[in-house]
Amino acid sequence: MMNSTIKRLTLALALLVAPVVMVESVAATTTTTTAGARDIVKEIIDVVGLKPRFELRAANIENAAAVIYNGKRYILYNEDFLAAINNAVHTDWGGVSILAHEIGHHLNGHTLSRAGSNPADELEADEFSGFVLRKMGASLAEAQAAINLLSEEHTSATHPGRSYRLASISKGWRNADSQLLASSQGQQPDRNEIVSRPATRQQPQVQHASLDSRNILSRVHFSSIPDEEFYITKHMQLVHITSNGARVIGKLSKTNNRNYPYYFESDHLQPLFVTDRGAVVNQQGQSVGYLT
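In the numbering used here, the protein residues as written are -19 to 272.
Don't read these hints as lab results, they were simulated from the structure.
One or more hints might be untrue.
As the list claims (entries may be wrong) - Dumping the calculated DSSO-like pairs for lysine-lysine here, alpha-carbon to alpha-carbon at most 27 Å:
hint : residue 1 : residue 2
1    : Lys214    : Lys231
2    : Lys214    : Lys234
3    : Lys151    : Lys31
4    : Lys22     : Lys52
5    : Lys234    : Lys151
6    : Lys231    : Lys151
7    : Lys52     : Lys31
8    : Lys151    : Lys22
From just these sequences and the hints, can you work out the full model?
Take a look at the structure:
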(Lines of atoms letter the chains of each structure in order from A and count residues from 1; the text may use other names and numbers.)
(Lines give C-alpha, C1' and ligand atoms only; values in the text may rest on other atoms or scores of the structure.)
Protein backbone atom coordinates (compact mmCIF):
# COMPACT_ATOMS: atom_id res chain seq x y z
CA MET A 1 0.00 0.00 0.00
CA MET A 2 2.83 2.38 0.86
CA ASN A 3 4.60 1.77 -2.47
CA SER A 4 1.36 2.40 -4.35
CA THR A 5 0.81 5.66 -2.46
CA ILE A 6 4.35 6.85 -3.23
CA LYS A 7 3.88 6.04 -6.92
CA ARG A 8 0.65 8.03 -7.08
CA LEU A 9 2.25 11.01 -5.31
CA THR A 10 5.22 10.91 -7.67
CA LEU A 11 2.91 10.85 -10.67
CA ALA A 12 0.76 13.67 -9.30
CA LEU A 13 3.80 15.89 -8.73
CA ALA A 14 5.11 15.21 -12.23
CA LEU A 15 1.77 16.17 -13.76
CA LEU A 16 1.58 19.49 -11.93
CA VAL A 17 3.78 20.99 -14.64
CA ALA A 18 1.59 19.70 -17.47
CA PRO A 19 -0.86 22.36 -18.75
CA VAL A 20 -4.49 21.35 -19.20
CA VAL A 21 -6.86 22.57 -21.93
CA MET A 22 -10.07 21.26 -23.47
CA VAL A 23 -9.56 18.43 -26.00
CA GLU A 24 -11.77 20.11 -28.60
CA SER A 25 -9.44 23.10 -28.86
CA VAL A 26 -6.02 21.46 -29.06
CA ALA A 27 -5.85 19.92 -32.52
CA ALA A 28 -5.02 23.15 -34.33
CA THR A 29 -2.15 23.99 -31.97
CA THR A 30 -0.53 20.58 -31.53
CA THR A 31 3.00 19.90 -32.66
CA THR A 32 4.07 16.89 -34.70
CA THR A 33 5.29 14.10 -32.47
CA THR A 34 8.82 12.72 -32.38
CA ALA A 35 10.01 9.91 -34.62
CA GLY A 36 10.25 7.62 -31.60
CA ALA A 37 6.57 8.08 -30.78
CA ARG A 38 5.62 7.51 -34.42
CA ASP A 39 7.59 4.25 -34.37
CA ILE A 40 5.56 3.05 -31.37
CA VAL A 41 2.30 3.66 -33.24
CA LYS A 42 3.67 1.84 -36.28
CA GLU A 43 4.55 -1.15 -34.10
CA ILE A 44 1.07 -1.17 -32.56
CA ILE A 45 -0.62 -0.98 -35.96
CA ASP A 46 1.68 -3.58 -37.50
CA VAL A 47 0.77 -6.27 -34.96
CA VAL A 48 -2.94 -5.98 -35.85
CA GLY A 49 -2.30 -5.70 -39.60
CA LEU A 50 -4.07 -2.38 -40.15
CA LYS A 51 -3.11 0.98 -41.63
CA PRO A 52 -2.90 4.01 -39.31
CA ARG A 53 -5.80 6.21 -40.36
CA PHE A 54 -5.09 8.78 -37.66
CA GLU A 55 -2.26 11.03 -36.52
CA LEU A 56 -0.36 10.85 -33.25
CA ARG A 57 0.49 14.28 -31.84
CA ALA A 58 1.91 15.74 -28.66
CA ALA A 59 -0.56 18.25 -27.21
CA ASN A 60 -1.29 20.40 -24.17
CA ILE A 61 -3.85 18.04 -22.68
CA GLU A 62 -4.07 16.39 -19.28
CA ASN A 63 -3.08 12.87 -20.29
CA ALA A 64 -4.03 11.14 -23.57
CA ALA A 65 -7.13 11.04 -25.74
CA ALA A 66 -8.54 9.64 -28.98
CA VAL A 67 -10.48 12.42 -30.72
CA ILE A 68 -11.96 13.42 -34.06
CA TYR A 69 -11.31 17.05 -35.03
CA ASN A 70 -12.56 18.57 -38.29
CA GLY A 71 -13.32 15.10 -39.60
CA LYS A 72 -9.80 13.77 -38.93
CA ARG A 73 -8.77 11.24 -36.28
CA TYR A 74 -6.03 12.02 -33.76
CA ILE A 75 -4.28 10.35 -30.85
CA LEU A 76 -3.26 13.24 -28.58
CA TYR A 77 -0.91 12.82 -25.66
CA ASN A 78 0.91 14.86 -23.05
CA GLU A 79 4.64 14.09 -23.19
CA ASP A 80 5.15 14.89 -19.49
CA PHE A 81 2.28 12.57 -18.59
CA LEU A 82 3.71 9.59 -20.50
CA ALA A 83 7.18 10.25 -19.04
CA ALA A 84 5.71 10.38 -15.52
CA ILE A 85 3.86 7.09 -16.09
CA ASN A 86 7.01 5.35 -17.30
CA ASN A 87 8.98 6.65 -14.32
CA ALA A 88 6.28 5.62 -11.85
CA VAL A 89 5.91 2.04 -13.13
CA HIS A 90 9.62 1.66 -14.00
CA THR A 91 8.97 0.44 -17.55
CA ASP A 92 8.49 2.07 -20.95
CA TRP A 93 5.60 -0.32 -21.54
CA GLY A 94 3.45 1.99 -19.39
CA GLY A 95 3.36 4.71 -22.05
CA VAL A 96 2.94 2.15 -24.83
CA SER A 97 -0.11 0.68 -23.10
CA ILE A 98 -1.70 4.15 -22.79
CA LEU A 99 -1.23 4.82 -26.53
CA ALA A 100 -2.51 1.32 -27.39
CA HIS A 101 -5.60 1.96 -25.26
CA GLU A 102 -6.37 5.20 -27.15
CA ILE A 103 -5.78 3.53 -30.52
CA GLY A 104 -8.23 0.84 -29.38
CA HIS A 105 -10.90 3.54 -28.98
CA HIS A 106 -10.45 4.55 -32.63
CA LEU A 107 -10.31 1.03 -34.03
CA ASN A 108 -13.39 -0.06 -32.06
CA GLY A 109 -15.38 2.93 -33.33
CA HIS A 110 -15.83 4.53 -29.91
CA THR A 111 -14.85 8.00 -31.13
CA LEU A 112 -17.72 8.02 -33.64
CA SER A 113 -20.14 8.55 -30.75
CA ARG A 114 -20.57 11.85 -28.93
CA ALA A 115 -21.75 10.11 -25.77
CA GLY A 116 -18.31 10.31 -24.15
CA SER A 117 -16.51 7.70 -22.05
CA ASN A 118 -18.40 4.74 -20.63
CA PRO A 119 -17.27 1.58 -18.82
CA ALA A 120 -18.04 -0.81 -21.70
CA ASP A 121 -15.92 1.15 -24.21
CA GLU A 122 -13.08 1.49 -21.72
CA LEU A 123 -13.00 -2.28 -21.17
CA GLU A 124 -12.86 -2.89 -24.94
CA ALA A 125 -9.94 -0.47 -25.26
CA ASP A 126 -8.22 -2.15 -22.29
CA GLU A 127 -8.63 -5.58 -23.90
CA PHE A 128 -7.16 -4.24 -27.15
CA SER A 129 -4.22 -2.79 -25.22
CA GLY A 130 -3.50 -6.13 -23.53
CA PHE A 131 -3.69 -7.96 -26.87
CA VAL A 132 -1.31 -5.54 -28.58
CA LEU A 133 1.26 -5.46 -25.79
CA ARG A 134 1.51 -9.26 -25.71
CA LYS A 135 2.08 -9.23 -29.47
CA MET A 136 4.81 -6.64 -28.97
CA GLY A 137 6.54 -8.75 -26.30
CA ALA A 138 5.37 -7.26 -22.98
CA SER A 139 4.74 -9.46 -19.97
CA LEU A 140 1.27 -9.47 -18.46
CA ALA A 141 2.35 -7.38 -15.47
CA GLU A 142 4.00 -4.85 -17.81
CA ALA A 143 0.80 -4.63 -19.85
CA GLN A 144 -1.24 -3.97 -16.70
CA ALA A 145 1.18 -1.65 -14.88
CA ALA A 146 -0.11 1.75 -16.06
CA ILE A 147 -3.81 0.98 -15.55
CA ASN A 148 -3.06 -0.56 -12.16
CA LEU A 149 -1.52 2.76 -11.12
CA LEU A 150 -3.97 5.17 -12.78
CA SER A 151 -7.38 3.53 -12.42
CA GLU A 152 -9.76 4.09 -9.52
CA GLU A 153 -10.79 1.20 -7.32
CA HIS A 154 -14.53 1.75 -7.84
CA THR A 155 -16.56 1.87 -11.05
CA SER A 156 -17.80 5.34 -12.04
CA ALA A 157 -20.23 6.59 -14.71
CA THR A 158 -17.36 6.82 -17.20
CA HIS A 159 -14.78 4.20 -16.17
CA PRO A 160 -14.88 0.67 -14.70
CA GLY A 161 -13.14 -0.16 -11.46
CA ARG A 162 -9.52 -1.32 -11.34
CA SER A 163 -10.22 -5.05 -11.00
CA TYR A 164 -12.42 -5.06 -14.12
CA ARG A 165 -9.86 -3.13 -16.15
CA LEU A 166 -7.02 -5.43 -15.16
CA ALA A 167 -9.19 -8.44 -16.02
CA SER A 168 -9.88 -7.03 -19.52
CA ILE A 169 -6.20 -6.37 -20.17
CA SER A 170 -5.50 -9.92 -19.00
CA LYS A 171 -8.15 -11.26 -21.39
CA GLY A 172 -6.62 -9.48 -24.39
CA TRP A 173 -3.08 -10.48 -23.37
CA ARG A 174 -4.04 -14.13 -23.00
CA ASN A 175 -5.90 -14.18 -26.34
CA ALA A 176 -2.74 -12.95 -28.06
CA ASP A 177 -0.64 -15.38 -26.03
CA SER A 178 -2.81 -18.28 -27.20
CA GLN A 179 -2.34 -17.22 -30.82
CA LEU A 180 1.42 -17.00 -30.41
CA LEU A 181 1.61 -20.34 -28.64
CA ALA A 182 -0.44 -21.97 -31.40
CA SER A 183 1.92 -20.70 -34.07
CA SER A 184 5.04 -21.28 -31.92
CA GLN A 185 6.32 -17.76 -32.53
CA GLY A 186 8.61 -15.73 -30.28
CA GLN A 187 9.90 -16.11 -26.76
CA GLN A 188 7.46 -16.54 -23.93
CA PRO A 189 7.59 -13.65 -21.40
CA ASP A 190 6.74 -13.84 -17.73
CA ARG A 191 3.06 -14.73 -17.21
CA ASN A 192 2.86 -13.32 -13.68
CA GLU A 193 0.15 -10.68 -13.51
CA ILE A 194 -0.90 -7.98 -11.06
CA VAL A 195 -4.31 -9.52 -10.40
CA SER A 196 -4.55 -13.26 -10.86
CA ARG A 197 -7.01 -14.29 -13.55
CA PRO A 198 -7.58 -17.69 -15.15
CA ALA A 199 -6.12 -18.59 -18.52
CA THR A 200 -8.61 -19.31 -21.32
CA ARG A 201 -9.07 -23.01 -21.91
CA GLN A 202 -9.95 -24.37 -25.34
CA GLN A 203 -12.14 -27.33 -24.28
CA PRO A 204 -14.26 -27.03 -21.11
CA GLN A 205 -14.02 -30.13 -18.95
CA VAL A 206 -17.32 -31.33 -17.49
CA GLN A 207 -17.05 -32.84 -14.04
CA HIS A 208 -19.80 -34.54 -12.09
CA ALA A 209 -20.16 -34.30 -8.34
CA SER A 210 -22.21 -35.78 -5.54
CA LEU A 211 -23.90 -33.03 -3.57
CA ASP A 212 -25.53 -33.14 -0.17
CA SER A 213 -26.54 -30.41 2.27
CA ARG A 214 -23.44 -30.94 4.43
CA ASN A 215 -21.21 -30.03 1.50
CA ILE A 216 -23.04 -26.82 0.52
CA LEU A 217 -21.52 -23.49 1.49
CA SER A 218 -23.89 -21.15 -0.36
CA ARG A 219 -26.51 -21.02 -3.09
CA VAL A 220 -25.98 -18.83 -6.15
CA HIS A 221 -28.99 -17.12 -7.76
CA PHE A 222 -28.58 -15.84 -11.36
CA SER A 223 -31.21 -13.28 -12.39
CA SER A 224 -31.41 -14.47 -16.00
CA ILE A 225 -32.14 -18.10 -15.00
CA PRO A 226 -33.91 -17.86 -11.63
CA ASP A 227 -35.26 -21.44 -11.71
CA GLU A 228 -31.85 -23.07 -12.20
CA GLU A 229 -30.01 -24.33 -9.11
CA PHE A 230 -26.36 -23.39 -8.54
CA TYR A 231 -24.36 -24.00 -5.38
CA ILE A 232 -20.90 -23.30 -3.99
CA THR A 233 -19.43 -26.23 -2.10
CA LYS A 234 -17.10 -26.15 0.89
CA HIS A 235 -14.30 -26.85 -1.58
CA MET A 236 -15.27 -23.63 -3.43
CA GLN A 237 -16.60 -25.52 -6.46
CA LEU A 238 -19.46 -23.99 -8.47
CA VAL A 239 -21.99 -26.75 -9.05
CA HIS A 240 -25.02 -26.71 -11.39
CA ILE A 241 -27.90 -29.09 -10.66
CA THR A 242 -29.15 -30.56 -13.96
CA SER A 243 -31.45 -33.39 -14.97
CA ASN A 244 -28.33 -35.53 -15.28
CA GLY A 245 -27.17 -34.75 -11.77
CA ALA A 246 -24.76 -32.29 -10.17
CA ARG A 247 -22.19 -30.84 -12.55
CA VAL A 248 -19.06 -28.87 -11.58
CA ILE A 249 -18.84 -25.89 -13.95
CA GLY A 250 -16.21 -23.80 -12.20
CA LYS A 251 -14.91 -22.59 -8.89
CA LEU A 252 -14.86 -19.51 -6.68
CA SER A 253 -11.39 -17.94 -6.57
CA LYS A 254 -9.96 -15.07 -4.55
CA THR A 255 -8.88 -11.68 -5.89
CA ASN A 256 -6.75 -8.96 -4.28
CA ASN A 257 -9.67 -6.52 -4.17
CA ARG A 258 -11.49 -6.13 -0.84
CA ASN A 259 -14.66 -4.82 -2.52
CA TYR A 260 -14.73 -7.72 -5.02
CA PRO A 261 -12.99 -10.44 -3.00
CA TYR A 262 -13.99 -13.35 -5.28
CA TYR A 263 -14.62 -14.15 -8.94
CA PHE A 264 -16.03 -17.18 -10.72
CA GLU A 265 -13.41 -19.11 -12.64
CA SER A 266 -15.37 -20.98 -15.28
CA ASP A 267 -15.32 -21.83 -18.99
CA HIS A 268 -19.13 -21.73 -18.97
CA LEU A 269 -19.65 -18.19 -17.65
CA GLN A 270 -18.62 -14.68 -18.63
CA PRO A 271 -16.21 -13.01 -16.14
CA LEU A 272 -18.25 -12.49 -12.94
CA PHE A 273 -17.20 -11.02 -9.61
CA VAL A 274 -18.66 -11.40 -6.11
CA THR A 275 -18.83 -8.26 -3.96
CA ASP A 276 -18.12 -8.10 -0.24
CA ARG A 277 -21.92 -8.11 0.29
CA GLY A 278 -22.55 -11.25 -1.74
CA ALA A 279 -23.80 -9.64 -4.96
CA VAL A 280 -22.71 -11.15 -8.28
CA VAL A 281 -21.75 -8.51 -10.88
CA ASN A 282 -20.41 -8.53 -14.43
CA GLN A 283 -17.41 -6.62 -15.81
CA GLN A 284 -19.53 -3.47 -16.17
CA GLY A 285 -20.45 -3.58 -12.48
CA GLN A 286 -24.06 -4.56 -13.23
CA SER A 287 -25.80 -6.93 -10.81
CA VAL A 288 -26.54 -10.33 -12.35
CA GLY A 289 -27.25 -12.36 -9.21
CA TYR A 290 -26.50 -12.90 -5.54
CA LEU A 291 -25.42 -15.45 -2.95
CA THR A 292 -27.54 -16.78 -0.09
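Hints and how they fare:
1. Lys214 x Lys231: With Cα atoms ~11 Å apart, Lys214 and Lys231 stay inside 27 Å; holds.
2. Lys214 x Lys234: Given pair Lys214, Lys234 holds - Cα atoms ~14 Å apart, limit 27 Å.
3. Lys151 x Lys31: holds (24 Å)
4. Lys22 x Lys52: Answer holds: Lys22 to Lys52 is near 18 Å, not above 27 Å.
5. Lys234 x Lys151: holds (17 Å)
6. Lys231 x Lys151: holds (18 Å)
7. Lys52 x Lys31: holds (15 Å)
8. Lys151 x Lys22: Roughly 23 Å between the alpha carbons, so the hint for Lys151 and Lys22 holds.
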